[in-house]
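Student: Sequence:
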Amino acid sequence: MASLVLASLLLLACSPDVAVNMVKPPPASPALLVVGEIEAQDPEARRLARFMREALLDRLLRAEAFAVIYDRDGRSAGANALLLEGVLTEADAGNEALRFIIGSGFGRPHLAASFRVFDHEGAARIAFSATSKEAGPTGVAGHWRPLSMEDLARDLGRSAADALVRWSREKELAGAVMF
Numbered sequence: 001m002a003s004l005v006l007a008s009l010l011l012l013a014c015s016p017d018v019a020v021n022m023v024k025p026p027p028a029s030p031a032l033l034v035v036g037e038i039e040a041q042d043p044e045a046r047r048l049a050r051f052m053r054e055a056l057l058d059r060l061l062r063a064e065a066f067a068v069i070y071d072r073d074g075r076s077a078g079a080n081a082l083l084l085e086g087v088l089t090e091a092d093a094g095n096e097a098l099r100f101i102i103g104s105g106f107g108r109p110h111l112a113a114s115f116r117v118f119d120h121e122g123a124a125r126i127a128f129s130a131t132s133k134e135a136g137p138t139g140v141a142g143h144w145r146p147l148s149m150e151d152l153a154r155d156l157g158r159s160a161a162d163a164l165v166r167w168s169r170e171k172e173l174a175g176a177v178m179f
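The opening residue of the sequence shown carries number 1 in this note's numbering; numbering runs sequentially from there.
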């Protein structure tokens, strides 16, 4: 029984942060990207979605994978533009007591989001989901440096941006099956 619990803990700790659902090769010249809204249900999740979106935009701009990146309004983008949309699907602040008593990732905060990139005709080019994987400090250290949901949101945005950059440069994405 103990080995089963240990094996499941190892599987949870090693889970990938980006899971690709559908991917087609990027267009021949995906030079323009319009970053649309990242939607969320409740007010706290919408606040976290803003942190995630800021980090995603920052990482995309630094990577220079696209010649032009439009923030929300891409009316002047033209017919060659790609549109990125996202949804923050899970936002769980976790349980401090579980982190302190059990540790090993139990009670950790968790964020998950799904993203899709559409071409100018409305056809999906790539769809993927990203999850936070930071276990954070446990035990007494969890009280000294608690995990910030804002930091998790930023990390999630950077992971999503990295997946987009790899796709735009036609690098292999883990678990991707080309359609």
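Please keep in mind that the hints were generated in silico from the structure rather than gathered at the bench. Fair warning: there could be bad hints in the mix.
Claimed, not checked - Using 20 Å as the maximum straight-line C-alpha spacing, the simulated DMTMM-like pairs for lysine to aspartate or glutamate come out as follows:
hint, residue 1, residue 2
1, K24, D92
2, K171, D119
3, K24, E150
4, K24, D162
5, K24, E170
6, K171, E64
7, K171, D71
Said to hold, decoys possible - Distance ranges between label pairs, derived from CB positions:
hint, residue 1, residue 2, range
8, E150, R72, 17 to 23 Å
9, R47, A79, 30 to 36 Å
10, E44, A79, 33 to 39 Å
No residue lacks a Cβ here, since even glycine has one placed at the ideal position from N, Cα and C.
Student: Evaluate each hint against the coordinates.
Tutor: The hints, checked one at a time:
1. K24 / D92: Since the Cα atoms of K24 and D92 sit roughly 32 Å apart, the hinted pair is violated (cutoff 20 Å).
2. K171 / D119: Since the Cα atoms of K171 and D119 sit roughly 19 Å apart, the hinted pair holds (cutoff 20 Å).
3. K24 / E150: violated, 32 Å
4. K24 / D162: With a Cα-Cα distance of about 17 Å, the restraint between K24 and D162 holds, given a limit of 20 Å.
5. K24 / E170: Holds: K24 and E170 sit about 10 Å apart, inside 20 Å.
6. K171 / E64: holds, 15 Å
7. K171 / D71: Not satisfied, since the Cα-Cα distance of roughly 25 Å exceeds 20 Å.
8. E150 / R72: 17 to 23 Å: holds, 21 Å
9. R47 / A79: 30 to 36 Å: holds, 35 Å
10. E44 / A79: 33 to 39 Å: Distance hint for E44, A79 holds at roughly 38 Å.
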